[in-house]
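J.: Here are the chains, one letter per residue:
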Amino acid sequence: MDLHQILSGIDVRADWIGLRYVKENTGFRLVRDGKPEANTRESKQGVMVEVLVNGQFAYYGTSRLDKPGIQAAAERAVMLATAASKYSLHSFGVEARPVAKGNYSSPFQTAADAFSPGELSELLIKATAELKVSDKVVTTNAMARTVETESHFVASNGSDVEQNYLMVSADYSAIAHEGSVTQKRTDGGLLAKSYQAGMEVFNEADVLARCRNIGAEAVELLTAEECPTGTMDLILAPDQMMLQIHESVGHALEIDRILGDERNYAGWSFVRLEDFGKLQYGSPLMNITFDPYVENQFASYAYDDGGLKAEKEFLIKDGLLIRGLGGMESQLRSGINGVANFRASSWNRAPIDRMANLNLEPGNSTQDEMIASVEKGVFMTSNRSWSIDDYRNKFQFGCEYGKLIENGKLTKTVKNPNYRAISNPFWRSLKMLGNKDTFEVYGTPFCGKGEPNQIIRVGHASPLCLFDSVEIFGGA
Amino acid sequence: MEKLFKQINQTIMAELRDGEFLGLGFGGEQSTFTRINAAKVRQIGNVDEADLGFNLIFNGRRTTGSISLSGDLDEDLSRARGELERLRSEVVQLPEDPYLVLPESKETSHNEKHGNLPDAETIPEILLPAMGDVDLTGIWASGRVFQGNANSSGGYHWFASDSFSLDYSLITPSEKMVKATYAGTEWDQVAYEAFLADSITKLELMSLEPKKIEPGDYRTFIASAGVSDILSMFSWGGVSEAAIRQSESCLGKMRNENVKLSSLFSFSEDFSSGFAPQFNGNGEVAPEKTILIDGGELSNTLISTRTAKEYGVESNFASEGESMRAPSMAAGSLKESDILATLGTGVYLSNLHYLNWSDMIGGRITGMTRYACFWVEAGKIVAPIENMRFDDSIYSFLGENLEVVTEKLQINPDVGTYDGRELSAIVCPGILLKSFSLTL
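From first to last, the protein sequence lines are chains V and W. In terms of my numbering, the first sequence opens at residue 7 and continues consecutively. In terms of my numbering, the second sequence opens at residue 2 and continues consecutively.
Worth flagging that the hints you see were computed from the coordinates, not collected in a lab. Be aware that one or more of the hints could be misleading.
What the hints assert, rightly or not - Restricting the straight-line Cα-Cα distance to at most 25 Å, the calculated cross-link-like pairs of lysine-lysine (DSS-like) are:
| hint | chain 1 | residue 1 | chain 2 | residue 2 |
| --- | --- | --- | --- | --- |
| 1 | V | K50 | W | K7 |
| 2 | V | K41 | W | K310 |
| 3 | V | K92 | W | K7 |
Construct the entire structure; sequences and hints are all you get.
T.: Below is the structure:
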């Protein structure tokens, strides 16, 4: 569809008008125990019409794509903006939607159609066979998710941005059971291996080798000791650090949360506007970046949905909080420096502040040095449970697989490892940070926020991390 | 919208080839959303969308898909035909599915609920002045929601409902909060203003100096809204028959080890309230009521026809994911007026937040207290408490530690909007626990 032509033909009185067309095809295949469970494709398309009238934005998301449909949507949006402008929380000017011109295409080696449905199904069936390393493995799952997205944003200020993505997620899991013990192992946490990439992710030899390991570790956990209870050192693998960064840093730094927009749903934040530039968020080892250009990371892009150009920025530098996660609207409301993270989950939702790629930069320690430094502690990997309070303070997270660390060495495997802490003291207890060799990139399609609700993709990368004196415990 | 669905259904079904079975699902909404912060409009807009889902079965194989609909019949028929061709080309490449379910239901139903909703452009004017100076943050959602289902065997269902909801939090200057939802189908300005005024009165209790309590085990009352969050967990690794069979359910202990919950705990899938359609994605109509946990014993599970086929059991026409669509917990004997006196000394929790299984197989849930939660001494509210983390097992707090259940049931509408505006509600009482574990 020709958005420029439609935009030029829209006849409404507004200070600014933008059209954001999104078409997204999401394919999902799931094989359980060698049998197909799901082969599906969801194809969504529509246009989000946004207008600015009397300082108030209003929107109308419509799946009707012809000129009369979009004209009608614009008229309705103008009516809503006008009605709401008497009660605006903030009166915006056109500077809230900067002029943006450019494009972005996500990197991939092998196109989505390089694998036929039959070939991909066959690979997933083989994967479930490899996961079943013994009769103790009672359930095996292999899933593949591909997302192809086209987006085109044009606006009355001349903005014109086209961004196209191919994104692939996969997961393989084994549930082992013996007696009254049941344990599950996945490939680094549910769909944690989510990337902007192509079908090269489904390299058969790699996939099957990973599946054998996943199955073996599920069985290993059946006879493992319960994770000990106590206050001790904690080493987190990057696949758990993904969740740790997401919940106890990312959401806390969203400026719209700090401004109170989310108080009825996701919650507020322990971070206050006056904390920027002053709050020692973590130890001096902690450097958090918003980085939209990490190769293959799940939430890379060139412009956010408000038209702000995406640039790499430090949010936390040497442990000090210096910048927030807020797009232009939040920056104008708060006066705090932000980033290009004003994003919508699809055409049918208005943008809000979201994480994108939010990473912990690597340090200098090797994995061996970190383990050798621990007299008594636990190494944990792969998230399986997560919960945090509405201020992003008191959290409790659980992992699939743990290893005791005793006198500087990894010793026994332990099951049901959990830990709980409070965000600021926890990050201040970061005492060793892994080097680039320990740095791994992950992502998830499932970050929920906003009213109306939105699920969006985010990326997180981290090295191995060692935290001092954490409350650790086992299962029921 | 129904006219569009019917026309697409008739046309596409007539074009099926020998050996093809097809189910069609229709979902859509025409919604107005108003996001409010500090009793002002943060964001306002409309969403008008419809989707058509396909479930194609051919030669023992199955594939599914969905497309967005534009509302224009010619355009949508073109899209639907394109999707059917795509599915045809895919289905022959897939492996055989031994558990597939043919869309054979011939049942029909038609349920349209018309309400009296305010016009979208009047919403700021009718909502905001009544809020006055109170710090209110929340979301208004209103409009029509549609669901339809048809299949190549002649089954046909249609459900459409008008509704509105204002889900909000009131916040004191010291950041204590009260949560409420005003929802319905017939807008009544006087009733809305009275409801809001009542919430504001409750907020005054929160101005008391908060009390910090230490981690430990406490006598605890959990009000209906909090109980509804706990019951929601049974849709995720809970009452699904497939989840139990595949060792991914907290209720595995009840099935396999004959463990029981308290005799005071009874829990059903109950469509009698009429919030959610009784038909599932296959057009199958579930019984009006299926008792799942009866007096603490696992009596039934949610069983889809697919699961029934795989495990040789009888379907109760659950959805394919076997999640709850109409959860309902039975009432008990505790009068509302006796709650504080019966609690004596302990904590009163009005709402919970961010629940997750900390050990699904062990039945252990962690989460936070949120909103109006109080310390109670000798039957009297003393102070709001600082939010606390809990971590406890259903086999404890819905087992031996469940002391009494309130006699009043409350309807907790699902105001979720991730996949469009939800239609369901959880009907449940409050629960008084002898002990509940607060950990952080």
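J.: Evaluate each hint against the coordinates.
T.: Here is what the structure says about each hint:
{"no.": "1", "hint": "V:K50 / W:K7", "verdict": "21 Å, holds"}
{"no.": "2", "hint": "V:K41 / W:K310", "verdict": "14 Å, holds"}
{"no.": "3", "hint": "V:K92 / W:K7", "verdict": "42 Å, violated"}
Consistency with the previously given hints fails for number 3 only.
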